[in-house]
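Let's have the full structure, built from the sequences with the hints guiding it.
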Amino acid sequence: MSKTNSGNFFEDFSLGQVIRHATPRTITEGDVALYGALYGSRFAVQSADTFAEAIGYDRAPVDDLLVFHVVFGKTVPDISLNAIANLGYAGGRFLAPVYPGDTLNAVSEVIGLRENSNGQSGVVYVRSTGFNQDGIEVLDYVRWVMVRKRDPKTPARESHVPSLPSVLAADALGDAVPPLDIDAWRFDLSGSPHRFSDYAVGEKIDHVDGMTVEEAEHMLATRLYQNTAKVHFNQFTEGQGRFGRRLIYGGHVISLARALSFNGLANAFHVAGINGGRHVSPLFAGLTVFAWSEVLEAQEISGRDDVGALRLRTIATKDRPCADFPFKPGEDYDPSVILDLDYWVLIPR
Amino acid sequence: MSKTNSGNFFEDFSLGQVIRHATPRTITEGDVALYGALYGSRFAVQSADTFAEAIGYDRAPVDDLLVFHVVFGKTVPDISLNAIANLGYAGGRFLAPVYPGDTLNAVSEVIGLRENSNGQSGVVYVRSTGFNQDGIEVLDYVRWVMVRKRDPKTPARESHVPSLPSVLAADALGDAVPPLDIDAWRFDLSGSPHRFSDYAVGEKIDHVDGMTVEEAEHMLATRLYQNTAKVHFNQFTEGQGRFGRRLIYGGHVISLARALSFNGLANAFHVAGINGGRHVSPLFAGLTVFAWSEVLEAQEISGRDDVGALRLRTIATKDRPCADFPFKPGEDYDPSVILDLDYWVLIPR
Amino acid sequence: MSKTNSGNFFEDFSLGQVIRHATPRTITEGDVALYGALYGSRFAVQSADTFAEAIGYDRAPVDDLLVFHVVFGKTVPDISLNAIANLGYAGGRFLAPVYPGDTLNAVSEVIGLRENSNGQSGVVYVRSTGFNQDGIEVLDYVRWVMVRKRDPKTPARESHVPSLPSVLAADALGDAVPPLDIDAWRFDLSGSPHRFSDYAVGEKIDHVDGMTVEEAEHMLATRLYQNTAKVHFNQFTEGQGRFGRRLIYGGHVISLARALSFNGLANAFHVAGINGGRHVSPLFAGLTVFAWSEVLEAQEISGRDDVGALRLRTIATKDRPCADFPFKPGEDYDPSVILDLDYWVLIPR
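Residue numbers (our numbering), protein chains in the order written: chain A, 16 to 364; chain B, 16 to 364; chain C, 16 to 364.
Do not rely on the hints blindly, as some may be mistaken.
Label-pair ranges, simulated between beta-carbon atoms [what the hints assert, rightly or not]:
#: 1; chain 1: A; residue 1: Ser-132; chain 2: C; residue 2: Asp-347; range: 49 to 59 angstroms
#: 2; chain 1: B; residue 1: Gln-32; chain 2: A; residue 2: Asp-198; range: 19 to 29 angstroms
#: 3; chain 1: A; residue 1: Gly-103; chain 2: B; residue 2: Glu-68; range: 52 to 62 angstroms
#: 4; chain 1: A; residue 1: Asp-203; chain 2: B; residue 2: Ala-184; range: 29 to 39 angstroms
Keep in mind that the hints were calculated from the coordinates and are not lab data.
Backbone N, C-alpha and C fix where the C-beta goes; we use that ideal spot for every residue, glycine too.
Pasting the structure below:
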């Protein structure tokens with residue numbers, strides 16, 4: 016038995032299989048500081064204990080996407096070390112606040128398997144769940160990845176493709192947000208006067224600013240998440256590969272786009288759900304990321320008069336400003352588009 | 016009303032206007048660690064709780080310049096997003112110690128306005144004040160910036176140029192330093208035997224070491240401070256601009272020079288006041304920063320027998336060692352000079 | 016008397032001399048987070064308070080090598096600022112756990128001196144000891160460095176070469192590890208099922224993954240350790256030197272190799288002793304580090320039935336994968352080899 020982990024191949028997965036992932040991780044103020052320095056996020060709830068406490072949090076919660084990346088990172092050695100491509104996300108929900116000092120671990124269940132007709136690979140669907148030290152679920156999401164077969168001659172198995180929600184219902188959102196006292200929300204300190212009711216369905220917002228990415232930055236980030244996917248770190252091997260470059264972790268782009276979105280969405284303090292996402296094309300170091308968002312839906316949440324939910328589509332591009340909102344549904348993506356993310360954010364009503 | 020912040024133009028400022036800046040920020044041990052890794056500072060008071068507690072602090076205080084950069088960063092979206100140049104600083108005082116866990120926010124008052132004769136821009140003078148979570152002032156300083164007009168045809172307004180101190184009085188210094196027990200100051204642990212009385216006015220000190228700056232480093236630093244000035248981050252746009260490069264935040268140079276100054280000023284543990292400063296020329300990634308200092312004044316502080324004040328002029332250069340102390344007052348700056356900073360430090364008597 | 020530290024020269028050292036090094040340093044969760052992001056280490060004991068507490072630690076201890084680098088860094092200004100080469104290590108023992116909040120300082124004793132026959136330099140042997148805030152020893156190790164003479168005409172002194180252990184006895188190990196409850200060790204969470212008894216003497220393990228190093232990363236790391244050795248930071252000077260490049264701190268390579276070794280040694284949670292180490296050739300930014308290990312010994316520790324000791328030789332290379340285990344004792348090193356480290360790790364029995 017080899018001591019090193021060569022990852023799971025398509026044949027190693029079975030429907031209903033439950034995988035407990037290695038390396039629990041205590042999230043600290045150090046992680047929060049580093050996350051801030053990597054993306055420059057300015058949402059007041061995550062930036063200031065005082066702001067968070069005034070509205071009803073115990074203290075400033077950990078950024079939702081830092082939680083996502085840490086949980087995602089744990090799944091990589093078991094799920095996607097032999098992945099050819101990360102195909103999609105669905106039904107990502109943030110279920111409890113995470114504070115510095117909490118320890119996260121992750122479990123995945125195989126909920127679907129479909130071998131590709133070429134016999135070389137197959138698609139694995141997993142629902143991954145992040146737990147804190149008390150066993151409370153803090154996040155769950157589905158992703159599906161194309162994984163190599165160990166041996167193309169292994170006979171194909173029966174396929175099972177799970178039915179997945181294309182959009183989370185608004186009433187499924189908000190479990191990670193305590194009841195908030197919006198009277199205590201200081202709109203002068205949060206960076207914008209705009210509330211839930213100020214955003215209209217169909218509204219498009221250019222987030223204006225651009226952020227260039229360096230190799231050191233995306234590698235620091237991806238190691239912070241203990242994500243071990245080889246393509247992000249190894250120039251010796253990647254230099255001989257298809258792109259000749261290290262690939263930047265797709266989640267790094269999501270966090271960059273989220274941080275850029277502060278300019279236009281400053282009060283949208285919480286990523287409450289991820290409906291779907293596509294890493295349309297790869298990002299490499301030296302390129303500059305821009306982003307714009309469209310409001311797809313604006314929904315109240317039953318039983319909550321503190322916050323409402325905006326469903327956003329955020330498009331991120333490389334080396335292309337977004338003042339003219341590149342990409343229209345139904346058209347091909349502009350070659351500059353790197354991310355197409357459909358998600359819910361919460362914002363004070 | 017646009018959802019994105021396009022910053023204020025010269026016409027948007029009025030004398031006496033008070034601007035409360037967005038995004039309060041809790042400073043944590045994580046920020047302190049990252050600040051340390053970015054500059055390599057070794058002053059014992061900020062490095063070790065034990066050292067700080069022995070002499071009278073509650074614990075190791077946050078580096079003065081980290082406090083400065085965080086407060087400064089908050090002012091950028093409102094004051095200098097449309098700035099053509101950051102022209103100067105005056106009267107910067109550190110007023111209370113800041114410890115990890117404190118939350119900073121910032122307010123600026125417009126204290127001067129002067130339109131340029133070309134009608135294209137004007138100079139805005141602001142006094143910015145940083146507060147902690149208890150409303151205690153921790154820092155205030157004046158800076159003036161040249162800001163674009165929205166419309167050159169806007170009629171010029173009456174000018175008001177505030178009178179500013181060229182040098183802070185020594186007795187105005189030290190509010191951020193509790194009474195110290197200098198008998199408990201371990202000169203073997205602080206890195207130098209030299210006290211207040213060992214420094215002579217006119218003495219010049221070459222700080223010897225050089226530090227090369229990488230793009231990832233200055234961007235991590237500037238995002239850590241939540242400073243959103245576009246020129247530091249966006250190679251796509253800056254690549255088409257005057258320098259073809261991202262400009263490094265001037266405060267990054269100040270912190271580098273301060274960290275280099277440990278070699279020669281190891282006991283000068285506290286930056287107590289900023290009399291003035293000029294970013295003489297821009298710094299770009301790949302260049303190496305050197306620094307030297309001259310002692311301009313040595314002053315006792317009324318009522319304090321624990322510490323004395325040294326007024327320093329620190330000159331930082333790029334790609335030029337400072338053994339021969341480049342720059343003489345009255346001469347033009349050597350093209351290598353990037354910073355000319357006039358400030359007060361405190362040091363045990 | 017110059018205010019700046021020009022470091023000690025060979026003549027400045029005397030046998031029995033004790034040097035208390037400057038700048039005590041409180042290790043925080045921030046340092047731990049940054050260390051994690053720099054290397055991507057995934058050992059569960061250091062990653063999660065829950066995991067560490069379950070087996071008997073107060074909380075997650077600070078990574079052993081972070082402790083080593085911080086203590087080492089303190090010695091640089093006094094011991095190796097004028098070093099020509101760092102020649103070797105011996106007898107490095109970790110003596111007490113270090114937790115966030117502990118403050119480290121360091122003392123060195125000169126235990127050997129030997130002038131080189133050319134009269135230009137000599138070898139200085141020091142035993143350096145790291146202490147925490149309670150005066151408890153947390154680490155000691157011997158290193159020897161070749162140091163320039165201030166003046167080649169200074170007459171040679173009597174030589175004293177200390178006798179040093181080539182290998183620490185297993186019974187000397189483990190002081191930094193409290194008695195552990197191995198029944199509480201969750202092998203599903205630690206990343207591997209392999210225990211002490213699963214490793215055989217002579218077994219070779221390729222750690223598979225490669226990690227490319229960027230300038231920003233090694234400089235952040237080396238400043239985090241407050242290590243001031245000039246060759247790591249100053250491209251202006253190094254660009255004119257022998258390699259034309261900044262040299263990467265050898266300890267950075269050790270930490271990279273240790274993090275890579277998780278893949279194959281996931282339960283080897285503690286570096287308990289450093290028998291010897293050689294930085295075979297320099298590493299530069301842009302190159303990719305690989306590593307493999309051989310089990311040299313497997314020893315029980317008297318009085319402990321919780322953990323056993325594996326003596327490892329870890330070889331790190333640059334731009335060369337290690338599937339064929341480059342380097343055989345008795346042969347010349349492959350030009351790709353950068354590190355040959357002989358050390359003890361502890362692992363559950």
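Hints and how they fare:
For the pair A:Ser-132 and C:Asp-347, the supplied restraint of 49 to 59 angstroms holds, since their beta-carbon distance comes to about 52 angstroms. The given range of 19 to 29 angstroms is respected by B:Gln-32 and A:Asp-198, whose C-beta atoms sit roughly 26 angstroms from each other. Separated by about 53 angstroms at the C-beta atoms, A:Gly-103 and B:Glu-68 satisfy the suggested range of 52 to 62 angstroms. Here the CB-CB span from A:Asp-203 to B:Ala-184 is close to 34 angstroms, well matched to the stated 29 to 39 angstroms.
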